[in-house]
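Sequences listed follow chains E and C, in order.
Each residue of the first sequence is one higher than the last, beginning at 1 in the numbering used here.
Each residue of the second sequence is one higher than the last, beginning at 1001 in the numbering used here.
Among the hints, a few may not be true.
[Stated by the list, open to error] With the Cβ distance kept under 7 Å, some of the chain C side facing chain E (calculated, not the full set):
| id | residue |
| --- | --- |
| 1 | 1075 |
| 2 | 1078 |
| 3 | 1082 |
| 4 | 1150 |
| 5 | 1197 |
| 6 | 1235 |
| 7 | 1237 |
| 8 | 1238 |
| 9 | 1239 |
| 10 | 1240 |
| 11 | 1247 |
| 12 | 1249 |
| 13 | 1251 |
| 14 | 1262 |
Hints are computed from structural coordinates only; laboratory data are not their basis.
In this text, a Cβ means the ideal position worked out from N, Cα and C, and glycines have one as well.
One letter stands for each residue in the lines below.
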Amino acid sequence: MSFTALSGSALLGGLVATAAVLYALQRLRVRHESRTVVTSLFWREATEETRARSLFERFRHPLAYAMALLCAGLMLLGIGRPDSDREEGLRHVLLLDASAGMARASGETNRFEQAQAALAAELEQSPRDRTEVLWCGEHVRTILAPGEDRALLGPRLAGRSPDLAPGTLDRALRSRASMGDGEGAGRRFVLFGDAPVAPATLAALGADERVERAALEPAVDGGIGITALGVSEPASGRWGVVDLFIETRGGAPGVFDLTLTLDGERFERGGVSGTDGDRRSFLISDVPAAGALLEVRLNTDGGAAGAGLSADDVASIRLPSRPPIRVVVDGLDPAFGDAVRAVLAADAAVELVEGAGEADVVVGGASAGRPSLRFPSSADQEEAILIGHDQDVDSSAALSSAVGELGLDRVDASALAESLGRPLAVGALPSGRRSVAIWSELMDPARTSFLESRAFPVLLGRSIRWLAQAPVLTPYRAIGRLEPSTLERARPPLSAMITSDLEAASLLDPTTTVPVTAGAALAEPSPEGAGPWRLYTWILLLALAALSAEWALFQRGRMP
Amino acid sequence: MIEEGRDPAGLESGQLFDAAFLAAAQRLRLVARRVAPRGRFADQRSKDRGSGLEFQDYRPYVAGDDLRAIDWTVYRRLGRVFLRLFEEHEDLPLYLLPDVSRSAWVESEPRAVPGLQACLALAAVALGQHDSVGVFPFADDLTVLQRPTSGKNRVMELAHRLESVTPGGETDLGTALRRFRGLGLREGLVVIVSDFFDPGGIDAVVEALSGLRHRLLLVQLVRSSDRDPSWARGDLRLVDCESGDAQDVSVTPQVLDRYRAAYDRFAEGLADLARRRGAGLLALDVESDVIPQVADLFENGRREV
């Protein structure tokens, strides 16, 4: 037998303490039977000599003591809420979905309130010392540890609302499953929410583990929301502008409209560039990249935007600021100086200046404390291309990212090595300022054909942008889909932050926007053992009967 | 046995008096050693010499004596004139003071019933001897149920009056006797029929009787459970039926011994009071027949008080 409200040791201790207290009270108590007498004159004289009372009387009325102990023990047992041994040792993990989708209105309440009510009901049925409750919002954390009083759950959830974050039930389930049971008695996961669970997650569970989903009211279909937002390099090739990408889910054509503003000013958008089911993509070209805040608002007919979920009706992003990169060219070898100048002059992102003091990047000559692109001799530098990166970045990671970001993957290294008659190496080292150093021999038209290759302008242009730390454009930011890798952020986040930080996109995952039952189908919690006639109910009724019997015996004078 | 919550009630008609009871009472005779000089002629002998039938003594003749009382036989034998003196018979006022306080009524077999029967028996005897009888029930005060009267035919009337007695409150013998003295009755025989359970104890009884000029007969209404409360066991809250005072008692053999000792001191004090006052004392067992116990009061059918 297990207890849902008290631990076994606490119950045993309580029984012992109750027996001791009742024993002491039995020793101390004097229950007088009232009798009327002709005169109390002689009794008064008889007791005057022994008026002082002793602390302890002899132990009397053992049957009355046994009856009182029976009543108290049954009540304590009932308060302990014993449960059957049917699932002895089974651990219960209750996961409360606190993702943004739970804020969706459902009837007179929302999904989150329904989930809380179902959680409270389930908690009443679960053994206290083997049940924990997890909050699955933006982060997964424990809000009721095993052994804690269930009364603590209410205050801990008071005033809480779902986080503006995608569903993390699947992630929490995978995390808990990977941690193992530890006791081998099995685990039962009960989900309270709509977030889907992948079949692979269920497959990873052990044989003695099962997942159930509490039944809530049926979810309302027909959600509409913005699910992706991002900027990318403009297809026009112009510098100082970006292409804007917007994706929506749900809703029929014509049901909704998008309104764009740049720093509060209305901005006209283009049409739909693609549809895939209920997914719609919008591509807006050549949006000025001047650091303005772009806000996208979804409008639906009748004001039923997002079918009761407002969090995905608005998304915003701070557009990058892309002013021209000022470059000064000085001290280049005449053999390749003109070629470099020609490439830089053709680059729309570059503005050639004369003084090093005004430049963002120095090409050729002395760096003067600024990022620089240099062309040293192979006698001065071991590597053919040496990248000086920020000191807070690991050199290996920086070199790995540079291969794509600087366009090194486009360089035909074997041909160049053959032309030079020596192997080429690429290296990276931390530095106080960024720099790219390329052997001057590689640039010599008399020795290689690098200046004539397609890789030369690419390497030159991307190096200038990397050195100037031009903002990296995120092609799109969408929950549940990985961002492309960048040099600055080698490991993309699993989800975007959805907060009041206006520089981040406010997006939810597609399954939140469109409430579909994705993932594996789950069974509902078993109703067996629920209801008002559980074991502790019978025990409390037995205690009541014992109390009634004691009262009846007392009234009839059979119980002192 | 006390009946919880039982209210004192009066007597039903015929509960006190029947023919057998009166016949037994007729065999009793109260004899007073001395009666007051101012009563009318009755069967009670007086220490005063008078014109009764029974010879008592001689005394020398003095001028003015009744010549019919001269004993001429003595004159012929001794040559001197003596008068024969006869006993003067006068009535003995009997004042009956039955206790009708609450303690006499609360038991399932009220001790007031045998107490009033005893009063009626004594009254029947007195009335049969041409004595006057007055009845003054008392509790915390005294009431006049029957002023002193005489005549054999008043027995039934007196019985009816006794049956109409009203149960009273707390016992206060001192107040009752002060009120009795205030009535200014001539000296007679006062019979107090009571349990004498005055809240002030035996001292209060002694003090109350100290100023009483009358001769005295104490009839103590007793019950076997008064001294030996066999019903008492365990932890009890004893409520005095008159005062309502509660006394918590855990009954143990030691407590019972002290209780009996207290009761014995009370009974001994009452007996000592009777001895010092030259009064009679009858411990009337209320659980036995009244007449035999009253008869035992007299020796060979006569009792001097």
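Comparing the hints with the structure gives:
1. 1075: 67 Å, violated
2. 1078: 66 Å, violated
3. 1082: 60 Å, violated
4. 1150: 35 Å, violated
5. 1197: 4 Å, holds
6. 1235: It holds, given that the least Cβ distance between residue 1235 of chain C and chain E is near 5 Å, below 7 Å.
7. 1237: 4 Å, holds
8. 1238: 5 Å, holds
9. 1239: 5 Å, holds
10. 1240: With a minimum Cβ separation of about 4 Å from chain E (threshold 7 Å), the hint on residue 1240 of chain C holds.
11. 1247: 5 Å, holds
12. 1249: Residue 1249 of chain C check passes; min Cβ-Cβ to chain E is 6 Å, inside 7 Å.
13. 1251: 9 Å, violated
14. 1262: 4 Å, holds
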